[in-house]
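J.: Sequence:
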Amino acid sequence: MSTDRVTLPVSERTADQRGTRNVGRLRRSGVVPGVVYGSGEPRAIAVGERELRAAFSGPSGLHAIFDVVIQGEKPRHVVVKEFQRHPVRGTLTHVDFHEVRLDRPIQATVSVQLVGEARGSKLGGQVQSVVRHLRIEALPTAMPDHIAVDVSDLDIGSSLRLSDVPPIEGILFLDDPEGTVLATCSIPRGMTTGAADEEAEGETGETEAGGAAEAADAESTDETSE
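Residue numbers (this note's numbering): 1309 to 1534.
None of these hints come from the bench; they were simulated from the model. As the structure is a prediction and not an experimental result, all values here were calculated from the model. Where a beta carbon is used, it is the ideal one built from N, C-alpha and C, also for glycine. Mixed in with the good hints there might be a few duds.
[Stated by the list, open to error] Across the chosen pairs, the derived CB separations fall in these ranges:
(1) SER1337 / VAL1439: 37 to 47 Å
(2) GLN1415 / VAL1314: 43 to 53 Å
(3) PRO1475 / GLU1381: 38 to 48 Å
(4) THR1322 / SER1437: 17 to 27 Å
(5) GLU1390 / GLN1421: 21 to 31 Å
(6) VAL1423 / SER1319: 20 to 30 Å
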């Protein structure tokens, strides 16, 4: 959850720090240009690349709430809207922040992480992730960095949809519950759907037969004792 608060001092970009040529000069000096969007006019800012990288490396990473302080002004609560990196060096080259209120929900896209061992994988099936990101709505302080999805009940030839995911308190899923497939369990090569069903039923049958055998043994023991 985004309970981490990171203070990030920035400066407002002046007229001679704007434009393609001037922005390039900023980057070469280790400064990242950016913009803070909010209820008022967007604010063009500049922040040290090292400081920004350190802020992004905190426990909540890019999902943290940043308190941006523009040259001594009152801190603004912001979240990362977008950022860019140099394609070769990997250094940060631009960042956009969006100002938020901590008592109002925001929307974001978070990753999906599959957890657990699928029932179908025990029979040779292969679990495949389909939709890897979900759009959600939550308070800034309750925004997770990922959604954990349990695939333990996934059978061979079946799929797991968003509608199968139990509700999470404080989080609203924005994607189509039925149309959003999160994972599938494919049938092993050489096995037909019928064979997969029989194998799954066989496991259940063995358990039931075992139970019946135990009951029969118990009855036999009782009769002998009588």
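J.: All hints, please: hold or fail.
T.: Structure-based check of all given hints:
Between SER1337 and VAL1439 the beta carbon distance is about 42 Å. The supplied range of 37 to 47 Å therefore holds. Separated by about 21 Å at the C-beta atoms, GLN1415 and VAL1314 break the suggested range of 43 to 53 Å. Between PRO1475 and GLU1381 the beta carbons are some 40 Å apart, a value that agrees with the proposed interval 38 to 48 Å. At roughly 47 Å, the beta-carbon separation of THR1322 and SER1437 lies outside the given 17 to 27 Å, and the hint is violated.
About 23 Å separates the C-beta atoms of GLU1390 and GLN1421, a value consistent with the hinted range of 21 to 31 Å. As the Cβ distance of VAL1423 to SER1319 is approximately 43 Å, the hint placing it in 20 to 30 Å is violated.
This entry does not satisfy hints 2, 4, 6, going by the numbered hints stated previously.
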